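Please model the entire structure based on the sequences and the hints provided.
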Amino acid sequence: MIDTNVMDIDKFNLWYGEKQALIEVSMNVRKNKVTALIGPSGCGKSTLIRCMNRMNDLVDGCRVEGRMSFNGQDIYDKSTDVMLLRKKIGMIFQKPNPFPMSVRDNITYGPKIHGVTKPDELDEIVERSLRQAALWDEVHDRLEHSALSLSGGQQQRLCIARTLSINPEVILMDEPTSALDPIATSKIEDLAGELQKDYTVVIVTHNMQQAARISDYTGFMYIGRMIEFDRTDKVFSKPSDELTERYITGRFG
Amino acid sequence: MMSDGGSIKKVKKFHHDTVMKYILMAVASVTVLIIFFIILFILGNGIGAVKEVGIWNFLTGFTWKPSIGSYGAMPLITGTILVTVGAILIALPLGLGSAIFISEIAPKRIRNILKPVCEIFAGIPSVVYGFFGLIVLVPLLRNLFPDHLLFGTSWLAGSIILGIMALPTIVSVSEDAMRAVPKSYREASMAMGATRWETTRKVVVPAAISGIAAATILGIGRAIGETMAVMMVTGNSAIIPAPLWNFFEMLRTITATLALEMPDVVSGSTHYSALFLLALVLMLMVLAINFIAKMIIKRSKRKFGDPTVPATSSKKMRAIASAVKNTPRTIWGLMLISVFMMTFILSAVIQSDMLVSFICGIIVAELFLIFTIGILLVPTGDERIPGKLQDTSKRSYMISRYSSKLIRSAVLTGAFVFVWMMASLFADTFVSVLTAFVFLAAMIAVIPLAKRLGSGIREKIAHISLTGVVAVVVLVLIVLIVDIVSKGLPALSFDFIFGYPTDGGLGGGIFPAIVGTIQLVVGTMMIAFPLGIVSGIYLAEYAKNTRSTKIIREAIDILNGTPSVVFGLFGMAALVIFLGVGYALIAGCITLAVMVLPVIIRTTEEAVLAVPKELREASLALGASKWETTMKVVVPAAFGGVVTGLILSLGRAAGETAPILFTAVVVFRSSISFSLADPVMALPYHLYFLASEVPGSTTMQYGTALVLLLLVLFMFAMASVVRYKYNKNIKW
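Those protein sequences? They're chains A and B, same order as listed.
Take the first sequence: its position 76, counting from 1, is numbered 76 in this note's numbering, and each next residue is one higher.
Take the second sequence: its position 681, counting from 1, is numbered 681 in this note's numbering, and each next residue is one higher.
Worth flagging that the hints you see were computed from the coordinates, not collected in a lab.
Hints are not guaranteed to be accurate.
Straight-line alpha carbon distances no greater than 30 Å define the calculated DSS-like cross-link-like pairs of lysine-lysine that follow [as the list claims (entries may be wrong)]:
hint	chain 1	residue 1	chain 2	residue 2
1	B	Lys183	A	Lys78
2	B	Lys460	A	Lys78
3	A	Lys95	B	Lys451
4	A	Lys19	B	Lys550
5	A	Lys19	B	Lys613
6	B	Lys451	A	Lys118
7	A	Lys95	B	Lys108
8	B	Lys183	A	Lys95
From a predicted model like this one, the values you see are computed outputs, not experimental measurements.
Encoded structure:
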């Protein structure tokens, strides 16, 4: 089966000031699949994922080179509307970061930014997003409560719902479960699997079991380089690179 | 010690820890006594007027004329409120705009310049602002509005100067609040494709709203208690402007009244006691403002930070809301029309101006509408909500649906009334009403148009206007500094610094004033530092969170917000007259010390409390006593913060005029005296005296202003150096 590529990354380099954080990274993101990025701390996987919707623009002294494209269009081209790009490529962060507003206002924030004003339409979006994020049953009767009153796992699912509210094509998840307990983690993992039907998911994770469990493709990164990128079953069963093998078998460093 | 058999029994009965605790407590209680004495003293002296004039006559009387025994404080209270409102109307948009610019838009380099500049301007003595207002702003206004301003001294001038003075506080505090908004909120918003401006407007500002409210209130507090600057530029006539919004009128504030009348008053007379009562009213106003600030902060915390249920409405409210909701729409419409008609007829009878009455009718009807919709938002538990969301909590659902409309109509009404009021000062009723309508129509037309613009364009417009705001603010500040420096420098000479004034202030130098100011500052330091630091440490480390500690904190907060002129009043009544000290250095020092005491206590306490608990635990876990921990770990760690607070408080003492006005200063001294019982000259008072009483001494005024400015700025520079040094070494 041939999957279509949503994103293509080709010989991508990134510098923070003098320090090069990504070196000649190449990979692609297949449509409606879960792609995992693994690797030790500081290997550049978070940096890479933050390049995909240009969140690294916010970092002073950040410079990129090489090609990264979304549906064939260069993400870093001058003509790219960054706001539109981020609308289409949503992001979930390491720590749940709901706004200090009500649950509802968290969800309607994005649609309102992008021009939805009709209350009925917003109501539908709230319900749909929360259902998709498997949170509706838990919060439907307290939509007006502060989002900060939810538990950590609920907050993270709220953040996912918030991202879903603007119908992105790709959802980037930057270690979305690193701040959560095992039960909340498994809920997020299930969710990532569910989401793959309608969305494309890229997930950065520290946890190799997590990558093995939920992803279709896995990229292993090490000190700024993409060491290996392939189907997850292949990466975990017969990795072609020795570094990868040592990392996934825990014989590292 | 290591091998005494493992006993953990007490060896000594009185550990030094206990002894130190009681010593600290004793010093702290002296402070507390002083604080309560001041409050009681002012209360006690004000009572006389209540008996003789009557509280009702005092508060509602329209004539303040002590010479004929008429003590109606209404014009003074109105004057204070009006000048403050004007100042906030000027300072809030400029301040908030600048804060947003500094925190969200400005590159790091510019932020690093603007932030300290802001703090410098917060430290400029009020008499310097007053001087600038008198010599630059007042003539400028007179030339701008020759038909409206005969002299230039006016409410407008007062509000502009107060606005400039409140600006640094508002900018600095709200910028802090916005910078404290976690980066993750911004990232989350940007990651959804929001522009920087949308993120600022919809996430950062709402998240920082309690800080911004606190900043505004602090600004109001500063404006309301201001004496010298206001006194110099408002014209000081105790009348209520007609119409109430006529900002070209002169007016007189409570603070100015205290400063103007206190020196001539006979102790124990009705006038004397009436002034104390005025001071009480002023303190109560400040208290009320601080109380509101606290409520706002608490509310917004409950709303967002604290994971509790939203507040539920009372039964009564629910009953009313239910009644409103069950009323059919036609009755509603009829009520609306009748409200309009009633206002219209009533207003027409009183004012006999049809157009004005019509407008009044519309405004009241509008307010009625907003109010009823507000009531509709109260949950009654029986709402039918359309669509699928039957389960949602209903009140907030309604609010989220209607609040933006409510706010919009309230803002539009407000804007309409404002434009009308402003226009009516320049044109007749018809033209002004027309202007307001044109303005309203333009707003209504422009708002939807603006919404249709792309978010990128809106962001550009926002950034350009914010940059414009900052440019205006910076320009004003540059004009102020350049004016004083360029005209003050030529006055500086050896003779000016080291000579005595001649020709009643027209010539000579200001040596005795410089020495006097230094004497006052040193004296203040010696009294306030030990008391303040010890009390601060005691409150932070030892005081338990009991009811009495709470009362002490409240009392400190009350004094902290008390306008400086009230301290002057206290100093004069208690020290100069009651204790018979007369105008003397010691009286001035004590008054200033009492004034800065709450600031010192508070900053010390905060610096000490900012030391992380882990540090204390580490020391205590090693077997150190509380006293040892405090002295060897906590205080050294808090040292930078404490010293910064101390220097800042001294800078304030050096620049203050009102507290020494009737306790320590004289116009002229022919020699330097170091006796505590002699009066002194002082720079701020000298500047005030020259500017208001010695025409033709412009050069001397600028010279004095520059010297005062340099002295105060030197202290602030020292404070920043200390803070910078310690912030670099200590980080947590």
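Results of checking the hints against the structure:
1. Between Lys183 (chain B) and Lys78 (chain A), the direct Cα distance comes to roughly 26 Å. Compliance with the 30 Å bound is thereby established for this hinted pair.
2. In summary, the hint linking Lys460 (chain B) to Lys78 (chain A) is supported, as the alpha carbons are separated by about 18 Å, within the 30 Å threshold.
3. As the CA atoms of Lys95 (chain A) and Lys451 (chain B) are separated by approximately 33 Å, the hinted pair breaks the 30 Å bound.
4. The straight-line distance between the Cα atoms of Lys19 (chain A) and Lys550 (chain B) is roughly 53 Å, outside the 30 Å bound, and the hint therefore fails.
5. With a C-alpha separation of about 37 Å, the suggested pairing of Lys19 (chain A) with Lys613 (chain B) is violated against the 30 Å cut-off.
6. At roughly 14 Å between alpha-carbon atoms, Lys451 (chain B) and Lys118 (chain A) fall within 30 Å of each other, so this suggested pair holds.
7. This hinted pair checks out: Lys95 (chain A) and Lys108 (chain B) have alpha carbons roughly 26 Å apart, not beyond 30 Å.
8. Taken as a hint, the Lys183 (chain B) and Lys95 (chain A) pair is honoured in the structure, with Cα atoms around 12 Å apart against an allowance of 30 Å.
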